[in-house]
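Generate the whole structure from the sequences, applying the supplied hints.
Going by the numbering used here, the letters in the sequence shown line up with residues 483 to 1187, in that order.
In case anyone wonders, no lab produced these hints; they're calculated from the structure. Treat each hint with caution, since some may be false.
Here are the in silico distance ranges between beta carbons for each label pair [stated by the list, open to error]:
1) Pro782 / Gly1087: 17 to 25 Å
2) Thr737 / Thr787: 27 to 35 Å
3) Ser537 / Asp840: 51 to 59 Å
4) Leu1186 / His1106: 16 to 24 Å
5) Gly526 / Asp840: 52 to 60 Å
Backbone N, C-alpha and C fix where the C-beta goes; we use that ideal spot for every residue, glycine too.
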Amino acid sequence: MNTHSGRRARNAAATGLAAALLAAAPATATAAEENLPPLRPNTGTLTADWNKACSDEPVHVPRAPELRAVVEDTAQDNQEGETNGAGAEFELWWTDADGTEQRRTHTSGVVHSPVTQLWRTPSDLPADTVVSWHVRAVDADGATSAWSDETPGVTCRFVIDTVSPEPATVVSEQYPDDAGGWHGGVGVYGSFTFDSPSEDVVEYVYSFLGSAPERVRPEEPGGPVTVRWMPEESKPYYLEVTAVDRAGRPSSRTTYWTRVAAGRAPVAHWTLADPAGAGSAAAETGPVARAGKGVVFGAPAPSRTGLTSTVTLDGRGNGYLTPDVPATDTARTFVLSAWVRPAATDTPMTVASQDAADGTSAFTLGLRPAADSRATWAFRYGGTTLTGGSASAGGWAHLTGLYDAEDDSLRLYVNGEEVAAETGVAPTAAPGAFQIGRARGDAGARWQGEIGDVRVWDRIVPRKEIERMGSRPAELAAAWDIERTADGVVPDRKGGRPLTLHGGAGFYTPDYEACFEDPECVEFPADALDGDDHLALDGTDDHAATGGPVVDTADSYSVGLRVRFADTTPDRPMTLLSQGDADSDAFQVRYDPTASEWQLVVTHGSEPGAARTVTTGPGAPTPHSDDVVVVHDDSEGRITLYVRGEAVATAEFDASWSAPGPLQIGRGHTADGGWGEYFHGGADTVRVFGGALTASQVNSFAHLT
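See below:
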């Protein structure tokens, strides 16, 4: 049965009986038998074009709008199984040019409520005319609510604006759009002012070089607005700006071109590569820095950086350098960087600072020890200290501290990577002298170790520039593609030390022809690990070795090869790679079948009885091939063993030493100092890198050049 039809029949009967019974007795109808009107729509739910809220002040729309309202029937009069449906009756009106009032109406269908009902208004509504509108709810029986603008409601109004605003104008003093010249510079902020002749512009949408659009609003319609922007590369840039009026209509796009100059050179730069015995450090830019007696020039430089030498500071009272004047205005944007190698990490040490007026340092860049973990790098500015990264005794690191006065942000970078940041940092003035290797207070926190290439800028140094300065990418030092040779000497593709076979080691070449010729052959021989041949080691005394060290094991290095075990369940430990001296190995990569684990063994020095660190990871050889790579990152003080691209063993290790012996393939030192643990299987594609490969590079180590 239709519950609404039933209700109408009951209502008709009740109307007929009402006159007869009216005088005899008072009405006794219950709320459940009556049809109550729906609820009055709330003005707060009324919108034009989705986002223009109902307002007595006309809102502007770009076309005849879509009106929306939330309507709801009361549930108090529901019969059993009946839903409370509601529709919306919209009405709009305006006065035309002749002074005649015009009206339009629309009533939606009735559906389960509460519900948002809409009206796509007629396209012939007049432009530039105030159109008023309101709405009321209607139920399935035709009962209606009060109009939405009845007290305490508001009559909604809109104006259709069919004219787009004029294009935006763009003006920049630092980065003009002209036919010639390069302007400003990388890391230097510039102001760009947007304006439009149209008085109803309320927003500008802009982007640089097609980046994600940003929006900015003037303080009042039609007013100008200024944005700040900093270029990160020297090249031509274009800025696209669109003005948007209060109706949401966009202007045509304005394209503004400018050419950005290279970033300014540092305001102070000391390479610290002066000759041994020098009493001061010459400056690439800025003043000469005098050196205390605890400064020794001619110290080693970090490899793969282009630096030739650094200075060693002894950590004592005279171990510092200073130009005796400020390097930069620290209350404004500045950046400083340096290459450093700490001799120890158990005490606070300062790489660089600048004296404040109160007998302290306005900023310090350096190292902070930690009681229960590795020491970290630190950049303190005023009352804010950032820490991050891992400081390793004897490991090189590139440090960069940045203060951006534009947004009061502070950032610390280690080896080109941001490790800490904070915003809302108050500027701090430092009118005193710039210091290298010490700071005021904190017992001077004097540096012990090496420092090189100290730079100070009065501009932002963008992230990519910092990455380039702090990067020491691994470089291929040696590559042996194992292919058969007549003399048992495998040449280095890089032209360095050859790999010489010992103990009867030979080559494996799959004999496919023999299988073709043998009618009983049902399985081809296994392929060579790479190319046509690979090294075949018998596990007794076979091995291969270079004539001397290939890479400095005291620095970052990576060594890898491809192997195939003769037996996936070997009966004894085997060493795949090692390098050391006559009595011990600086590193050793081995597999122990008893524990079913890969092992990475490192020795803390070449002296007899030196401590060893053994780090392990579960695993087993495969019947196919295993890529085995060891990576030592001295800047992080970490050594990691990868098998088949996965890190299976890693350990903190900052006691590396420079092993003078050759690289060994297939053997290592045993506990008594002799040679042993010979590998039984095939080896190929041996690679040695100066520097630490990244985890992603490990997966393709054989193909790196």
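Evaluated hints:
1. Pro782 / Gly1087: 17 to 25 Å: At 18 Å between Cβs, range holds.
2. Thr737 / Thr787: 27 to 35 Å: This hint is violated: roughly 41 Å between Cβ atoms.
3. Ser537 / Asp840: 51 to 59 Å: holds (56 Å)
4. Leu1186 / His1106: 16 to 24 Å: holds (22 Å)
5. Gly526 / Asp840: 52 to 60 Å: Check passed, 57 Å falls within 52 to 60 Å.
The structure does not agree with numbered hint 2 stated previously, though it agrees with all others.
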